[in-house]
Amino acid sequence: MSRIVILGAGISGHTAARYLNKWVGKEHEIIVVAPNSKWNWIPSNIWVGVGQMTEKDVTFDLAELYGKTNVDFRQAKAVSVHPDGSADSAKPFVTVEYTKADKAGVVENISYDYLINATGPKLNFGATEGLGPDHGHTVSVCTYGHAKEANEKLQECIAAMKKGERKTVVIGTGHGMCTCQGAAFEYIYNVDHVLREAGVRNMARIVWISNEYELGDFGMGGVHIKRGGYITNGKTFAESLMVERGIEWITRAHVKKVEAGKIHYETLDGTFHELDFDFSMLIPPFAGVGLKAFSKVEEDITAQMFLPNGFMKVDADYTPRPFMEWSAKDWPRTYQTPTHRNIFAIGIAFAVPHLISKPMQSANGTPINPTAPRTGMPSAAMAKAVAMSIRDMLNGAEKPTHTASMAEMGAACVASTGSHILKGTAATMTVFPVVPDYEKYPEFGRDIDLTFGEIGLAGHWMKYLLHHTFIYQAKLRPGWSLLPD
Amino acid sequence: MGNITNKEPYQQAYYPPAPTGFTRFMRTCVLWQLWRFVSINIKMIKLLSRSHH
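Protein chains in written order, with this note's numbering: chain A, 1 to 485; chain B, 1001 to 1053.
Treat the hints with care, as some may be off.
Stated by the list, open to error - Straight line, CA to CA, 20 angstroms or less: simulated SDA-like cross-link-like pairs of lysine to any residue:
| no. | chain 1 | residue 1 | chain 2 | residue 2 |
| --- | --- | --- | --- | --- |
| 1 | B | Lys1046 | A | Glu454 |
| 2 | A | Lys423 | B | Thr1020 |
| 3 | B | Lys1043 | A | Phe452 |
| 4 | A | Lys235 | B | Ala1013 |
| 5 | B | Lys1046 | A | Asp449 |
| 6 | A | Lys440 | B | Leu1048 |
| 7 | B | Lys1046 | A | Leu465 |
| 8 | A | Lys329 | B | Arg1050 |
| 9 | B | Lys1043 | A | Lys423 |
| 10 | A | Lys226 | B | Ala1018 |
| 11 | A | Lys423 | B | Val1038 |
| 12 | B | Lys1043 | A | Thr469 |
| 13 | B | Lys1046 | A | Pro484 |
Claimed, not checked - Taking CB as the label site, the calculated pair distances span:
| no. | chain 1 | residue 1 | chain 2 | residue 2 | range |
| --- | --- | --- | --- | --- | --- |
| 14 | B | Asn1006 | A | Ser327 | 50 to 60 angstroms |
| 15 | A | Leu307 | B | Cys1029 | 24 to 34 angstroms |
| 16 | B | Lys1046 | A | Thr319 | 31 to 41 angstroms |
| 17 | A | Leu422 | B | Thr1020 | 14 to 24 angstroms |
| 18 | B | Phe1025 | A | Gly290 | 49 to 59 angstroms |
| 19 | B | Val1030 | A | Asn395 | 45 to 55 angstroms |
| 20 | B | Cys1029 | A | Leu482 | 31 to 41 angstroms |
| 21 | A | Asn309 | B | Tyr1010 | 38 to 48 angstroms |
| 22 | A | Thr401 | B | Phe1025 | 47 to 57 angstroms |
| 23 | B | Asn1003 | A | Thr469 | 53 to 63 angstroms |
Claimed, not checked - Coverage of chain A stretches by chain B, computed from C-beta distances (three or more under 8 angstroms per stretch; other residues unrestricted):
| no. | segment |
| --- | --- |
| 24 | 426-439 |
| 25 | 458-464 |
The hints are simulated quantities; they were obtained by calculation from the structure and are not laboratory data.
For each residue, glycine too, the CB sits at the ideal point set by N, CA and C.
Just need the whole structure built from these sequences, with the hints factored in.
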């Protein structure tokens, strides 16, 4: 019997756990280590952030679910990896520290035969002074707790507008190196929608601020889509949506500091600006969770296994090259670490070889460019590929048998812009592949048939369908494995 | 200040395309959107099937 340890129970970690449980759970041991007691369907936090859903709609208890399976769940955070064991242990192990109340602070070493690092990101609010809900002046929708708090502050703002006060709402990214613009993009339209529903839209100035070079970049260098007899850049449609809803935008911006009611930012031209606000949701930059790695003789080998940003190195080509020499082939395919065949990193935990958008710097040398997104669909696809590879390696395969390169897979983003079943609309966008491949698709880097975008009620239905389908699937309800990931 | 009878050009909102009344109608036209729903689902299934290797 082998033991597979999965660090993290987000979209990628839980996807790997449910497939491994299905395929090898009876013959092998599966341990999931995650610091939170609940699984969270993060894309729907947007609806929690505007009061249209509650915590229970987007979460469920992990211990209760795993209790019905062969998965052993430990509510703990991973502290370090010992991939070659130690003086006391011949087997590799991870050191974890429990976060569950009755065992809080207890440290344990858990040995493994296979390790999947799916720890997700650290929400790095500390990178920008005054950013974030804990020690700053802005709100967030990155966790359900944050989203709940965001809605409370939004409702206070709406109440003040109903009394006749004018308010400025600022939504976007809180640093020049952020990713996940899509979440902020969706949130701004939902806020616009709830203000209209409350009859106070005319009392609010809504401003988008982001590190994108142009609207619609989304950390993927923008997309081209077929529309009205032309192949047009997504910027056109992103701007059109903003204008239609009376939203202003600031792009090429690095938020330097947030004070109560004031955002200080620098733009790519090297100038500095201030923007007053009453309510602001700014996405933080992401970093690795801070896992350390040690050799058999307790030597710190973190730098060998992780990039300086804390993400784990896998089978990508990390050779630094100029932008014009970047290639789809640089992106990892199996997510196996180059140093250890039994360690994989998936979801946000793996280190990307480089950005997708073109790197830019302000005249003052400040990097202002979106970093590469890793949304739910790619995270689930790479988790399933790694689960299949481990299943096959347990059955004797020498090396990983399945691949899931972001340069060979698509992603979908459905941003709801109103929730009524007959009058609501959503912007639906798909890209294939996520990372453009100019060798395969010389003109636009992507398959123009599978890369599309449109606005309409159908997108809103899709959004609801995806919400319920993925939660149904994650809860391992009957037939879950027949549903697409 | 007299009545405003002109519009300031060259602003951010001056350039992007605006949807026509027909486009806006079609966004919530249930019959058309049912067709779009089927169409988007087919595209997504195609996209998913090409994403797993």
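Return the numbers of the hints above that this structure violates; sort them in rising order.
9, 15
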